[in-house]
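Asker: Go by the hints and put chain B onto chain A.
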Amino acid sequence: MDIIRTENLTKIYRKRHLGKLKETLGVRNLNLEIREGEIFSLLGLNGSGKTTTIKLLLGLLFPTQGRVYIREKLMPNKEIVRLVGYLPELPYFYKYLTIDELLNLYGCLSEITSQEISQRIRQVLKIVALEKERNKRIAELSRGMLQRVGIAQALLHSPEIVIFDEPVSGLDPVGIREMRELLLKLKKEGKTIFFSSHIISEVEKISDRAGILDQGELVCIVEQKDWFAREGGLEEIFLETIKSAPTVFALEPAQA
Amino acid sequence: MKKIFAISYYTVKENIRNKIFYVLIFFVLLIFLATLLFSVLGGEQELRLLLDFGLAAIELFALLLTIFASVTLVLEEIENKTIYLLLTRPLSRVEYLVGRYFGILFAVYLSIATMSIGHISLLLLKKWSFELSYFFVIFSLGFKVMLISGIAVFFSLFSTSAISSISFTFFFWLLGHFTEELKFLGSKLNIFWQYPAKFFFYLIPNFQYFNFRDRIQLGFPLLLKEANMNFISLAILYALVYSTVCLFLTNLFLSRKEF
Chain A
1 MDIIRTENLT KIYRKRHLGK LKETLGVRNL NLEIREGEIF SLLGLNGSGK TTTIKLLLGL
61 LFPTQGRVYI REKLMPNKEI VRLVGYLPEL PYFYKYLTID ELLNLYGCLS EITSQEISQR
121 IRQVLKIVAL EKERNKRIAE LSRGMLQRVG IAQALLHSPE IVIFDEPVSG LDPVGIREMR
181 ELLLKLKKEG KTIFFSSHII SEVEKISDRA GILDQGELVC IVEQKDWFAR EGGLEEIFLE
241 TIKSAPTVFA LEPAQA
Chain B
1 MKKIFAISYY TVKENIRNKI FYVLIFFVLL IFLATLLFSV LGGEQELRLL LDFGLAAIEL
61 FALLLTIFAS VTLVLEEIEN KTIYLLLTRP LSRVEYLVGR YFGILFAVYL SIATMSIGHI
121 SLLLLKKWSF ELSYFFVIFS LGFKVMLISG IAVFFSLFST SAISSISFTF FFWLLGHFTE
181 ELKFLGSKLN IFWQYPAKFF FYLIPNFQYF NFRDRIQLGF PLLLKEANMN FISLAILYAL
241 VYSTVCLFLT NLFLSRKEF
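Heads up: the sequence lines are chains A and B, in that order.
Here this note's numbering is used: the first residue of the first sequence is 1, the next is one more, and so on.
Here this note's numbering is used: the first residue of the second sequence is 1, the next is one more, and so on.
Bound-form chain A, shown alone (with noise of 0.2 Å):
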């Protein structure tokens, strides 16, 4: 079963300056089925609208064109929002708060209720190895404890679906095994795992299946028994797909 689809989901973004309009493409009809407990990634060179897609997802964009609806329902839905988790590429947060009133005050908006709260914290914590950190403030801690309280915060009220943009890039070697670890734990507990990423050795390693995004346009998707099967695996398959499609810049810059 399908749990995300896309329905010719498109965003142009328009930007007008000294009276002309410039429009971008970010994503154009993209046409996309997640299937409930897999992970799913999506790749892509810089700029190719990865970004731009999990923003759509999650209602942060507004679609040019096209739908976004999750579990059936058309998205932006409060009640199906809940259902999701969300992990940003860089982690922003409140400095001055610390690690445990940040997610007392996500737990409050997640609707978790105030008994259940301090008992999610303490697991989330334990799963990202943060229980000694609890009381410091945000502002404290290095690139790598943001990520893992990034990812405390997205796991925090058990969602279905966790989404992570760029999961991996900026990690070090210890933090991409452990990243690769959750995911894979993740997803023995029935999760789908929706991420993004242009490290194509760690897309191969624990996707079911990947898609590729190439200027805004989603131009294959690839299962993981055809990887496995081709020589030199995903990176050839990404490569020659990158090579042989289509160039979409830009649009042309429209008139006012």
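A few of these clues could be false.
[Stated by the list, open to error] Simulated pairs of lysine-lysine, PhoX-like, Cα-Cα distance not exceeding 25 Å:
#1 K132/A x K185/A
#2 K81/B x K15/A
#3 K95/A x K81/B
Because the hints were derived from the structure by calculation, they are not lab data.
The structure displayed is predicted, hence computed values, not measured ones.
Answerer: Frame of chain A, contents of chain B only:
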């Protein structure tokens, strides 16, 4: 409601640890210097100057804190991308806005209360006979803060930079003290200029409704008599309606905003 309360609560906490702390330090320093300076006068004059100067300082610091906290509310949140992790939860944009707005108000009110306690303590040390009208002045300042915060939040979403938002808000705050003059000027102008003058009179917040600082010497009974309850009720209603309209317009922008 629980979500609005949570956002407000943590807004107060963040502001206390960040901006308010510095504002209070500056206030203490300023009052300490003023006390040293005015002590050469002695007696009634010293007390009067300390009272007026302290109240003016409280208003100025409250205003600065309100403007900076309100302007950075959305702008900083968008710039730092902290808003992502709020709006990707089951939280509506209006809940977010109202929560933040009330959080800023509580934070500023808390700082006004702290500054007032410090100021009153200093005055009592100088043998000031306590006046209820002091609270009346602080109470009316609370409504000024409510208005200016609504305006600042609106401009922070409407304009693209913190500097322009702060400038617009300051401009409104300044003009808000001259609305009666604007009305008078409008009545003296020809018909062509009368309508724009009228438009600005209604657009700009009328801070004259809340300006009792200069009349503190009248004492509470006289001040209350001069202001009268009808005027006070209308002034409160005015502040509530004006800030609600500001929040409504801000929400219109926010609901269309992409991140």
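Asker: Determine for every hint whether it applies to the structure shown.
Answerer: Now the hints, each set against the structure:
1. Restraint check: the Cα-Cα separation between K132/A and K185/A comes to about 23 Å, which is no more than 25 Å; the hinted pair holds.
2. Note on K81/B and K15/A: the hinted pairing holds, with a Cα-Cα distance of about 20 Å set against a maximum of 25 Å.
3. Distance check on the hinted pair: K95/A and K81/B sit about 12 Å apart at the alpha-carbon level, within 25 Å; holds.
In summary, this structure violates none of the numbered hints.
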